[in-house]
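Q: Listed below, chain by chain, are the residues.
2 protein chains.
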Amino acid sequence: MTAQPDQTGMATGKIIISVDAMGGDAGPSVVVAGIAKSAKKNPELGFILHGPEETLRKLVSKRRVLEGRVVFRDCPDVVTMEDKPSQVVRNGKNTSMWSTLESVRTGEATGAVSCGNTGALMALSMLRLRRLPGVTRPAIAILFPSRNPQGFNVLLDAGADIRADAPDLLQYALMGASYARNGMHLSRPRVGLLNVGTEEHKGRAELKEAQALIAQYAEPAKFEFVGFVEGSDIPGTRCDVIVTDGFTGNVAIKTGEGTARMIASLLREAFKYSPLSRLASVLAVTSLRRLSKRIDPRQVNGGVFLGLNGTVIKSHGSADATGVSAAIKLAFTLARSGFAERLAARVASVAELTQDVAQSADAALNKEKESN
Amino acid sequence: MTAQPDQTGMATGKIIISVDAMGGDAGPSVVVAGIAKSAKKNPELGFILHGPEETLRKLVSKRRVLEGRVVFRDCPDVVTMEDKPSQVVRNGKNTSMWSTLESVRTGEATGAVSCGNTGALMALSMLRLRRLPGVTRPAIAILFPSRNPQGFNVLLDAGADIRADAPDLLQYALMGASYARNGMHLSRPRVGLLNVGTEEHKGRAELKEAQALIAQYAEPAKFEFVGFVEGSDIPGTRCDVIVTDGFTGNVAIKTGEGTARMIASLLREAFKYSPLSRLASVLAVTSLRRLSKRIDPRQVNGGVFLGLNGTVIKSHGSADATGVSAAIKLAFTLARSGFAERLAARVASVAELTQDVAQSADAALNKEKESN
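Protein chains in written order, with this note's numbering: chain A, 74 to 445; chain B, 74 to 445.
Which copy is meant is left open, so a pair is good if it fits within one copy or across any two.
Under the rule of at most 30 Å between Cα atoms (straight-line distance), these lysine-lysine pairs were calculated in the DSS-like manner:
| hint | residue 1 | residue 2 |
| --- | --- | --- |
| 1 | Lys157 | Lys281 |
| 2 | Lys281 | Lys295 |
| 3 | Lys366 | Lys87 |
No lab work stands behind these hints, which were simulated from the structure alone.
Please work from the sequences and hints to get the whole structure.
A: Okay, structure coming up:
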């Protein structure tokens, strides 16, 4: 969906992203620097910016590339990292986060980006945008660097909900496959279910149940199910989509990110060690920069909330301009592919399918009863 | 405990490690290469080697450093990676794995090392060595590279059991702290409880309960409790010991290891990219080697089974000679520190403490009842 000129004052044809300027660790100046970075690279982008208008106008006026491409929504309140989601749901009407989601709900913007409090953003998204018909638990999908040709794997749930039963894990598989198709252009994504071992006798009961369920829907939902995968497959090549509950997913990605940061910092120290290694780092600077770009978490900044009526992207609280710009790029890619509509259609069709299967199972059962 | 000369034919004063030559991916030659590597570095070491004696004698005879330092135990059977733990417990009496644990049970060896099937090794260890009094679930503790001065953090449980309730997590905290004291010489280890967020209102119910329990025992058990930690703290500096259930722990370390392997392979590619970067890699070779040693999973090869009457170390199934040697070094360090005895004493004293607390709580409760 594109914004109408009468609503935003911007030219039609642009894709409008609703951006929460507040709530990140670094304040609104970094968010404005991020949207300026995106605006420079992509002339198709327009923005609705939410927060204290006077401050935001000043910041935006310093960036010529943003001229005529930003509409402001004045909001006095900010959701802090310490606010409890339940409080924000009750008292958050005047916050920039609430206003940011409102622009998606009304259709003025095609996607929302916020660096704020994850729990509050998810709670508000569920309240204002509502879940897609058929979805019990929305999930956060993140991109993790991998050795696959597309450079990343999708992991979900990365922390929307600490619980997930077998039907939830099936929905994550469907939503993750849909995201991989639209966000990474994989026509037949390979989906794996995270477990402690690939042997079938290992793991929790709900995982065995989920394995059977997902296997059943792989064919009609046009993905390949590779079965159980392990932690090492998250950056690996065995699958493109990793499905797990939000507790395990959150721990896994934070461990992966922490490991990458530790290695990067040890690598910097190694190159500072001697005059020879310092010379080496100068010679290898281009190669190392390419590598560091490949594994830089800022480049894949942005957890996508899946299962809602609208696209919401949670950027890291500590994101800098590069990180904010990456989250906006993701929102743009998904908006252009019509992802929200496709996902809704996919989930709806599988909800029907589930009913069909349930009905035919019931029918078979009744038939059996009759014949007995 | 050191082996008696009449039992092994080796000189007293040596620390004897019982080694399973079979069950690893690479076969017995790699295991023999590994013990030879350790024997060369450490004259205090002696070995009891379990497997097909003829094959093993041939392999050992080629290594002069092992002359007079290896006793053989002929075992015709091997536990494979596909064998179910329950089968091995029932029918595994003639396997090298069973025999390896037997030498620890009888006191001939001070520690056992095996590259075989983790589930089977844990099941056999519980059956033959028995749990320490007061321990419900033994745990696997692994070392993960970190930015702490000691170079590693301890994580447990890394996969002994996919479940853990609050009292189990308390025991993991006690055992992990004891391991950090004896294996890493930290007089007052800092212990963290793995969760999805550091805010107290986040996470599963059993984690909140465990948080309260662990906090209560930190002082008497002489460790510092830093509260909830996140995945990024596993390679971080906030604590030395990370406590979690075996499902989450297993996924986390495998994700971390997978991420490290991915970066290492991308780094190698980066250095091959151009003539300039190839030259750089030559110049930086010493620094890079030091870095790669620091984050090489083989250097910290070995999960320690905690909570049993005896020290058992599970080496990676894919370990090479360097990996096997690292596992043996760990067994040696723990044997020399009298770790098994200290841990038993610690767990026993806290079991008493728990009883004391329970009794005084009961007493208080009864008093209250009486006064009402």
